[in-house]
Amino acid sequence: MAAQRRPIGEAGWGRTLGAGIVAFVYFFPVLWIILTAFKTYSDALAIPPVWLFTPTLENFVQVFSRSYSAGAEAVATGFDRFFFNSIFIAGSSVLIALVVGTLAAYGFSRFPLRGNDTYLFIILTTRMMPAIVVIIPIFLMFQITGLAGTYLGIILLYAVFNLPFTIWMMKSFFDELSPDVEDAARMDGSSEVRLFFKICLPQVVAGIAATAVFGLILTWNEFLFALLLTGVETRTIPVAMAQTIGGDIGVRWGLLAAIETLFLIPVIVVVFVLQNHLLRGVTFGTIKR
Amino acid sequence: MSTISLRQVTKRFDKLIAVDAVDLDVGAGEVVCLLGPSGCGKTTTLRMIAGLEAATAGDVLVGGERVNELSPSQRNIAMVFQFYALYPSLTVRENLAFPLAAERIGRDEITRRVQAVAATLELTHVLDRIPGRLAEGEKQRVAVGRAIIRDPSCFLFDEPLSRLDVELRQQMRGKIKEVLSGLSKATVIVTHDQLEALTMADRIAVMRDGRIEQVATPHEIFAKPANLFVASFIGTPQMNLLPAVCRGIENGLIRFGVDAQEVSLPMEPALARLAAGAKVTLGVRPRAFDLAREPSAGTLSAVADLIEPMGAETLVHMLEGERDIRVVVDRTRRVRPGERLHMRPKPGQIHVFDATGGRVSA
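Those protein sequence lines, which keep their order, are chains R and C. Throughout the first sequence, residue numbering follows this note's numbering, covering 6 to 294 in sequence. Throughout the second sequence, residue numbering follows this note's numbering, covering 263 to 624 in sequence.
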């Protein structure tokens, strides 16, 4: 019997199923977190795990209440503050890194210095050391300058932390642009400033979007610097989350899962909004002319 | 005045000499084509006029003023790039208006000029598209429109038609010629396509290895090539170049031995300096032969080998020993492979080049 024909390039049931299983395995931890967020305290701890349960929003309510009663003790959460901190700190630092990094990348790409590659390499080396190696000098610097515990301090730190990646990535986007287009703009009497803003920058929007997403995810998830360099007022979610673990009655898994679920939302929203740019951005430059 | 002059302009890239002491004058309203094989320095020459490359030595003059030290934006020259170099993120309308922004003119005037140029080049219906959504011919017209929208001192075109298909190329050739003729600006067009040069140029500058080999009108380049390179580069099919030896002068005729055969020309004063025994090259274009059935004095004979019908005409490759002589005959003249033919070069259509490759006959 002749094999059933299907359009070339279309996967059969077997492959689709295989891909589905792999996807499920990867997604399972996230799914478990989301499910747990809707469970009551006892459902979350049940062994064997409960699959069918009456969903509750009590965990989410607790995330945003200033204080609630857990048995006999009153616990303060105030996660609205930490959410604001995370969004504000990640957003500002990525914005600063993008503005400074894009300009620097354009400079490195179009107006190379003597020893341009050396400078670029030095910039890259700052990312070769693990964060834990530099944390002590940075901690001391922050103590001395009074930046410890301030928004300015942690935003600057993250911005600098994001810069090497931003410069390298944006430089590769600028390198790909056609030099003829810029020559044409110069022939047309354009100033260098107008050339940058009207001609070059619009062509790398996808690259900026991709760079921004990578920077945001990196900063959003960052724990170590935030733990040591933010104060009570400037604490970010990863740190705050870690601090909810513990207490007299054990880990409150439902509460933790609810925080995590909320913590995922901004990243998903950003990636969703920028997905078209993102795809173009990450595949850009993979084919060298 | 809209003129361009190059005085001993040279460009070196490290050790490579891309352009070697080039002199060229383009008058107002004149179209000069720089024609040559790839890598001959024609685009580099153009980019030096534009200011996109700095000349290593020599002077570039636009309107009589030395502009070597001016940046491209200060030179007020419009250029059409080979790959059009349209601004990808701007609409056609914004692309056309881009050069006007530097001129500080009113919004109404910009709109009026964009409309006028779009009408001339039949772009009105695509004004709001971005270049990525245009057909190749439309992109080309936008590139031309962006050049003519302001009032530059002169125009430069870098291989303007190389990306178009044959039909569009013919259309655009006419269109560009028409547009340029109304502007009376000095124009330089770079091309490797001789047909483009022959049809569009008032004068052609043939370049090889960074040097200009000949500057002349299309007619003169074709009728009186200055040397072997120009002779073989211009004209399709290529000119036949036959090594020959001067056999001396007799009865007002000068005789040349070509292999075992002989060709004679009427004597001209310029040929008097050829001594008997001098080695020369005779150039005869494939269309400059008359075919004869019988041999006679002054005919070359050879055997028809490969026959290529070209429509109105037929190209016949004639073999004589090692030599391949190309002859174009009318399509009504039937030639069979293996047939022996006798070819008589038409009077006045033999080009004589001396041992150094320079033209001898006047």
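Please note that a few of the clues may not be correct.
Partner residues aside, some chain R positions facing chain C, computed with beta carbon under 8 Å [said to hold, decoys possible]:
| no. | residue |
| --- | --- |
| 1 | Met133 |
| 2 | Val186 |
| 3 | Ile204 |
| 4 | Pro207 |
Source of the hints: derived by calculation from the structure; they are not laboratory data. Just so it is clear, CB atoms sit at the ideal spot from N, CA and C, and this is done for glycine as well.
> Hint numbers the structure violates, sorted upward?
Replying inline: Violated: hint 1 alone.
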